[in-house]
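Chemist: Below, each chain spelled out in residue letters.
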Amino acid sequence: MDANQAVQFLESLIGQTIRVHATDTRIFVGTFKCTDAARNIILGNTFEYRPPTPSAVRDAAASADTETSAEQASPNIKVNMTSRFIGLVVVPGRHITQIELEETPQQNRVRDALRKTKGFV
Amino acid sequence: MFPNSGASAPTMRVTSQSVVPRDITDEFTEAASKLSTGQLVKDEYFTLFEAVGALEIMDSKMDSGFLGPNENHAQALEDDYDITRELAPEEVVGIMDGLLCHEMAWHMGHPLSQTLFTSLYLDRLLWPVPNTLDEARFTRGSADGRNEEPALVNLVLRAYCMALVKCCDYVHARVAAEYYYEEEDFVTQLYNRNLLSPFDLDPFLDLLDRAAAWIEEQQDGINEEVRAAIKLRIEFRRDLLLGLYQDIDVIQNRSSDNFRACLSRLSDLAQSASIGKPVPESFSWKVQRRLASTVPPRPMVNISQDDALAHLKRLCQDGIDLQEILDYRGPHNFKVAVWTMLSRKPQPSVYIRSLLQTLIVNNALVLGVVPVRDFLYDELAELVLPTSILLQANTDQTEMPSNPRFQIAQHMDGFVKRFSQPFVDTFRSACLNRCRIRRTVCHTLVDWDNLQMEAEDLDEQLRTLSDEPPLILSNGDSTYSYPFSSWAYHQKLNQFRLILQLGFELSIYSPEELPGMYWYLSHICSTHLGHLDRIRTFTVATAKRNLTALAGKKRDAVERHAVLQKSLRLLERLSTQVVAVDAFAISLHALYVLLDRHHILPTASSPQAYSSERLRYELRMKPFLPITLPELVPYDDYRREALLEGDSDGAVLERATKAITEARKAWETTLANGAFSPDQPTPTTPAIEEDWKKDVKDTMRACIGTSLAIESLKKGLAMRNTSKGSSPDGPSVDLRVDIPEVGSKARFHDWWAVPQISHNTLRSKT
Numbered sequence: 001m002d003a004n005q006a007v008q009f010l011e012s013l014i015g016q017t018i019r020v021h022a023t024d025t026r027i028f029v030g031t032f033k034c035t036d037a038a039r040n041i042i043l044g045n046t047f048e049y050r051p052p053t054p055s056a057v058r059d060a061a062a063s064a065d066t067e068t069s070a071e072q073a074s075p076n077i078k079v080n081m082t083s084r085f086i087g088l089v090v091v092p093g094r095h096i097t098q099i100e101l102e103e104t105p106q107q108n109r110v111r112d113a114l115r116k117t118k119g120f121v
Numbered sequence: 001m002f003p004n005s006g007a008s009a010p011t012m013r014v015t016s017q018s019v020v021p022r023d024i025t026d027e028f029t030e031a032a033s034k035l036s037t038g039q040l041v042k043d044e045y046f047t048l049f050e051a052v053g054a055l056e057i058m059d060s061k062m063d064s065g066f067l068g069p070n071e072n073h074a075q076a077l078e079d080d081y082d083i084t085r086e087l088a089p090e091e092v093v094g095i096m097d098g099l100l101c102h103e104m105a106w107h108m109g110h111p112l113s114q115t116l117f118t119s120l121y122l123d124r125l126l127w128p129v130p131n132t133l134d135e136a137r138f139t140r141g142s143a144d145g146r147n148e149e150p151a152l153v154n155l156v157l158r159a160y161c162m163a164l165v166k167c168c169d170y171v172h173a174r175v176a177a178e179y180y181y182e183e184e185d186f187v188t189q190l191y192n193r194n195l196l197s198p199f200d201l202d203p204f205l206d207l208l209d210r211a212a213a214w215i216e217e218q219q220d221g222i223n224e225e226v227r228a229a230i231k232l233r234i235e236f237r238r239d240l241l242l243g244l245y246q247d248i249d250v251i252q253n254r255s256s257d258n259f260r261a262c263l264s265r266l267s268d269l270a271q272s273a274s275i276g277k278p279v280p281e282s283f284s285w286k287v288q289r290r291l292a293s294t295v296p297p298r299p300m301v302n303i304s305q306d307d308a309l310a311h312l313k314r315l316c317q318d319g320i321d322l323q324e325i326l327d328y329r330g331p332h333n334f335k336v337a338v339w340t341m342l343s344r345k346p347q348p349s350v351y352i353r354s355l356l357q358t359l360i361v362n363n364a365l366v367l368g369v370v371p372v373r374d375f376l377y378d379e380l381a382e383l384v385l386p387t388s389i390l391l392q393a394n395t396d397q398t399e400m401p402s403n404p405r406f407q408i409a410q411h412m413d414g415f416v417k418r419f420s421q422p423f424v425d426t427f428r429s430a431c432l433n434r435c436r437i438r439r440t441v442c443h444t445l446v447d448w449d450n451l452q453m454e455a456e457d458l459d460e461q462l463r464t465l466s467d468e469p470p471l472i473l474s475n476g477d478s479t480y481s482y483p484f485s486s487w488a489y490h491q492k493l494n495q496f497r498l499i500l501q502l503g504f505e506l507s508i509y510s511p512e513e514l515p516g517m518y519w520y521l522s523h524i525c526s527t528h529l530g531h532l533d534r535i536r537t538f539t540v541a542t543a544k545r546n547l548t549a550l551a552g553k554k555r556d557a558v559e560r561h562a563v564l565q566k567s568l569r570l571l572e573r574l575s576t577q578v579v580a581v582d583a584f585a586i587s588l589h590a591l592y593v594l595l596d597r598h599h600i601l602p603t604a605s606s607p608q609a610y611s612s613e614r615l616r617y618e619l620r621m622k623p624f625l626p627i628t629l630p631e632l633v634p635y636d637d638y639r640r641e642a643l644l645e646g647d648s649d650g651a652v653l654e655r656a657t658k659a660i661t662e663a664r665k666a667w668e669t670t671l672a673n674g675a676f677s678p679d680q681p682t683p684t685t686p687a688i689e690e691d692w693k694k695d696v697k698d699t700m701r702a703c704i705g706t707s708l709a710i711e712s713l714k715k716g717l718a719m720r721n722t723s724k725g726s727s728p729d730g731p732s733v734d735l736r737v738d739i740p741e742v743g744s745k746a747r748f749h750d751w752w753a754v755p756q757i758s759h760n761t762l763r764s765k766t
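Note that the protein sequences, when read in sequence, are chains V and Z. By the UniProt record's numbering, the letter at position 65 of the first sequence is numbered 65, and the numbering carries on one by one without gaps. By the UniProt record's numbering, the letter at position 298 of the second sequence is numbered 298, and the numbering carries on one by one without gaps.
Source of the hints: derived by calculation from the structure; they are not laboratory data. Nothing here was measured: the structure is a model prediction, and the numbers come from that model. We put the beta carbon where it would ideally sit given N, CA and C, even for glycine. Treat each hint with caution, since some may be false.
Label pairs and their computed distance ranges (CB to CB) [said to hold, decoys possible]: (1) Z:Gly141 to V:Gln106: 53 to 63 Å; (2) V:Gly93 to Z:Gly743: 43 to 53 Å; (3) V:Gly93 to Z:Asn147: 42 to 52 Å; (4) V:Glu11 to Z:Ala310: 52 to 62 Å.
Below 30 Å or equal to it, Euclidean Cα-Cα: the simulated DSSO-like pairs (lysine-lysine) are [to be verified]: (5) Z:Lys566 to Z:Lys745; (6) Z:Lys286 to V:Lys78; (7) Z:Lys34 to V:Lys116; (8) V:Lys116 to Z:Lys286; (9) Z:Lys335 to Z:Lys277.
Pulled from the structure, derived: some chain Z residues nowhere near chain V, Cβ distances all over 10 Å [unchecked claim]: (10) Arg13; (11) Lys42; (12) Lys61; (13) Gly65; (14) Trp285; (15) Leu291; (16) Asn302; (17) Leu326; (18) Leu367; (19) Gly503; (20) Thr548; (21) Ser605; (22) Gln608; (23) Lys714; (24) Leu717.
For reference, chain V alone in the conformation it holds in the complex (with noise of 0.2 Å):
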């Protein structure tokens, strides 16, 4: 990838709505605005998504109990993550552990496709 192909693949996910995996498990989902080198997001109208708390498995892990008593206890339980709206958010690059897009299945088609005529992504 060179520097032209570098800022044609990050052009094409101006706009986007990504995922981007902070250093404390939290996950801010929004659209893509801007980066730089030290790859820096600025993502806009981003959700803030955070684990659940320990006590709300806890708490989720009774009620399952006392719902499938009667039946064998299930292994697993769903707890949802917990969501907010936060707006417009700079992630500094050294906090990023993770960054996904969110795309289609169609979409996912046209970028494969893509990738393999141009060569990049």
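Following the hints, position chain Z against chain V.
Modeler: Chain Z only, in chain V's frame:
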């Protein structure tokens, strides 16, 4: 002025089911590393200016969700406080009072995130957003969700909290519907929560009633005094809830019972506050980590119980006194009532101001009954067009397009469309906070300048249609009344005066500017007086023409005569007020000129300052620069007039003394005339009249203060003349001048900066 549009943050993220996330970490990292330092890849519509507003994640000062390195994940988000725990009755009182303080802090303009939403009890009720009222419980989520034990918490405290939230809902709805300044007057942000707005009033009253009944039964369990305190709080909350629920229905039912009931309970509320035992653990700023918020984390706001009750007391009192403006008594009296009510110190809270805005005009009805068109016509009839055919023409009655009445009616329709909103806004703008009133009027002044020009065109067109007879002046020239532009000019001159007087109130002018600004005020007043005279001349001429018909004892002529006399009396009333302001301004101007001349006027700018008199004048005239009429006074003329160049000290003193005597007389007449024009049916308005009288009396005290200052100055100047060897250039007069600040006791009236003059030598001896 337009109502605020409710810009709200998206509440939920919408994603289609088929979205698949793809890990692009490596590609992204590689691509980013290829960028050179300082190179940005960005959305072409995204500006760096916006980027500055982005919250930096993982920065403790910016990121409300940031957890410190030593914070345990669970503790950081959730407090250890157990909401379902049993509470001592004293603690319930403490929590209720704590909530009330936070509620008032919110009314005062602090965001919910720093006030009420810090309560863990409210947090549990409101999040996740309950779908039914039943869901809003402290015990939600736990196995025994419907349990009402302990009743003190799950029945009594819950009822209080629920009703409190509903109170906030009514306040929020009213304020958000009107024109206010976000973060300046009020913060409407709800952080994606909901103040139980989908639910009706009745279930809340039921809850409160059940709670009150339960507490009544606990003779054995709870100490009598504490029981009474809890009961009082529940009853108080019920009254407040009903008072806020009434909202604009006050126009129909004219009841102030609820606010009166609240007010009567306030002293007991204050007394029994000491019984309460605060539970500070039940409030936590950490709630901010879970609120949908686009701002950095901020500390909790704590106001004292005394401040909260004082604010509440004013809210109730203003809510009661609001009754007095509800009866329509013509635009002039209405304006006096609205302006007097809103000039109370401290200014009525944002809820009352928003409610007033709605009462002033809602759905094109003034006070809920008078169509805006009639309101505007009443104003014109009061001032410039008594008995005029122009206001009687109606397209519904005349359908022949060639008929002049039809054409007049058409022109008038256009006029109403164009002028009614700006006119009503001159009333509504009084509901803004004081700084914003001045700022808004500075802007609307330009609009009114344009309106005046449009009105002039209209005047000319209508003159031919209505066959207005010209007025022949003594020099033989003929002139016409130009009623609409005259009226617009009158409005504009009112606004000029308001801008200047609010300038004094808001302490905008530095001491060295006072001579010039009081001169300018008197200049505007004398222009205004001349204009009122012009209007009067035409009304008198109309009255004269009517006299012949009157002699014939025609019935409509008698009616016309009454209307014309009423209008003349109103013009007289307005003139008296402007004369009073004018005379006072002339006197203060002369006084300040002398203080300046003898270098004893305090100055705000240092001698090395960049500011100069010319620059200051330019700055102060900025709002008036685009105005065509009255014409701007060129700086050189201003300087000559404002400094009274060429007049001796004696002459200037004489001027000040004479003017202040005249001012005192004029203010006495104003006071005797009363607040309202008696020509309109007058309901009793004791509270507003009291405020109005106090305002005039304060002005009269300021007049007396000015007389004293003039005397002291006279003595000081006389002493200097008798004492020998005073150097010609040094501070020759041995006087000390203080200008009391707005709000201090010695400042008798906000609009009149009266200097206090004392003897230096006498002072140093004591």
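Chemist: Taking the hints in turn, state whether each one holds.
Modeler: Here is what the structure says about each hint:
no.	hint	verdict
1	Z:Gly141 to V:Gln106: 53 to 63 Å	40 Å, violated
2	V:Gly93 to Z:Gly743: 43 to 53 Å	52 Å, holds
3	V:Gly93 to Z:Asn147: 42 to 52 Å	50 Å, holds
4	V:Glu11 to Z:Ala310: 52 to 62 Å	58 Å, holds
5	Z:Lys566 to Z:Lys745	40 Å, violated
6	Z:Lys286 to V:Lys78	25 Å, holds
7	Z:Lys34 to V:Lys116	21 Å, holds
8	V:Lys116 to Z:Lys286	50 Å, violated
9	Z:Lys335 to Z:Lys277	47 Å, violated
10	Arg13	5 Å, violated
11	Lys42	4 Å, violated
12	Lys61	13 Å, holds
13	Gly65	6 Å, violated
14	Trp285	16 Å, holds
15	Leu291	7 Å, violated
16	Asn302	25 Å, holds
17	Leu326	41 Å, holds
18	Leu367	40 Å, holds
19	Gly503	38 Å, holds
20	Thr548	74 Å, holds
21	Ser605	41 Å, holds
22	Gln608	43 Å, holds
23	Lys714	65 Å, holds
24	Leu717	65 Å, holds
Of the hints listed earlier, those the structure fails to meet are numbers 1, 5, 8, 9, 10, 11, 13, 15, in rising order.
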